[in-house]
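K.L.:
Make a model of the complete structure from these sequences and hints.
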Amino acid sequence: MRGASALQPLLDALPGARVRALVVWEPVIWSDVAPPTSSVLALVRDARAIQYWDVDRALSRDIVRAVNAAPARYGFDAPLDEKFIVWDVVAVFPPGAVWERDLPVPVFYDGPVAYRTEPLERAVSRALAPGGAS
Amino acid sequence: MSEPRGKNGPILAVLAIALVSGALWISWLKTAPRRVPAGQPALGRLDAASLGTLRDAFNADADAVRILVLLSPT
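Residue numbers (this note's numbering), protein chains in the order written: chain A, 1 to 134; chain B, 1 to 74.
Among the hints, a few may not be true.
Stated by the list, open to error - Partial pick of chain B residues on the chain A-facing surface, computed with a CB cut under 10 Å:
# : residue
1 : 13
2 : 29
3 : 73
Please keep in mind that the hints were generated in silico from the structure rather than gathered at the bench. We put the CB at the ideal spot given by N, CA and C, even for glycine.
P.N.:
The structure is reproduced here in structure tokens:
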């Protein structure tokens with residue numbers, strides 16, 4: 001949840017920038033018995049955000065599937081455990097990246113989100129720069 | 001006159017109240033309407049069958065920088 005609080009200041013610092021924030025909430029710990037409440041959803045108030053409740057952790061499973069199909073493509077030496085949960089992670093994709101069967105390779109990913117705000121800001125700034133990506 | 005309760009009676013009563021309150025709270029949490037901030041589309045629901053909606057949203061803004069975040073709500 002603190003990751004959401006970290007995301008909003010980043011968006012505040014980029015008014016008018018061509019940015020889309022896709023915020024996927026998923027149940028991970030014992031207290032995640034329901035979708036995020038309105039007050040939690042309000043932590044990301046930027047109109048450029050779209051928020052989702054992923055009750056089955058479908059996105060996490062799809063990312064693990066994609067990584068395990070080609071670990072080196074995503075910078076991994078070995079496949080992930082099939083039960084690995086992709087959680088408290090942020091990824092940045094540059095203009096032009098298209099999600100076909102597998103999620104494209106991000107130019108940046110890291111976590112926990114709340115503690116990686118500075119490298120996240122740098123990655124987003126680079127991606128926004130003309131012709132910028134990696 | 002009623003039967004005198006056992007000494008565990010008050011404890012059991014408190015436990016029962018706590019359990020019922022907890023169940024009601026969880027039920028409310030699951031069913032309460034969710035409001036997203038102004039300007040955002042309604043909260044999307046994802047599962048294995050509807051993951052394509054997220055993919056479509058990702059690709060719809062292919063000319064933008066996309067920030068994808070996976071978080072726990074509590």
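K.L.:
If a hint holds in the structure, say so; if it does not, say that too.
P.N.:
Do the hints match the structure? See the list:
1. 13: violated (25 Å)
2. 29: OK, holds: residue 29 of chain B within 10 Å of chain A, min 4 Å.
3. 73: Holds. Min distance 4 Å.
Checked against the numbered hints listed earlier, the structure breaks hint 1 alone; every other hint is satisfied.
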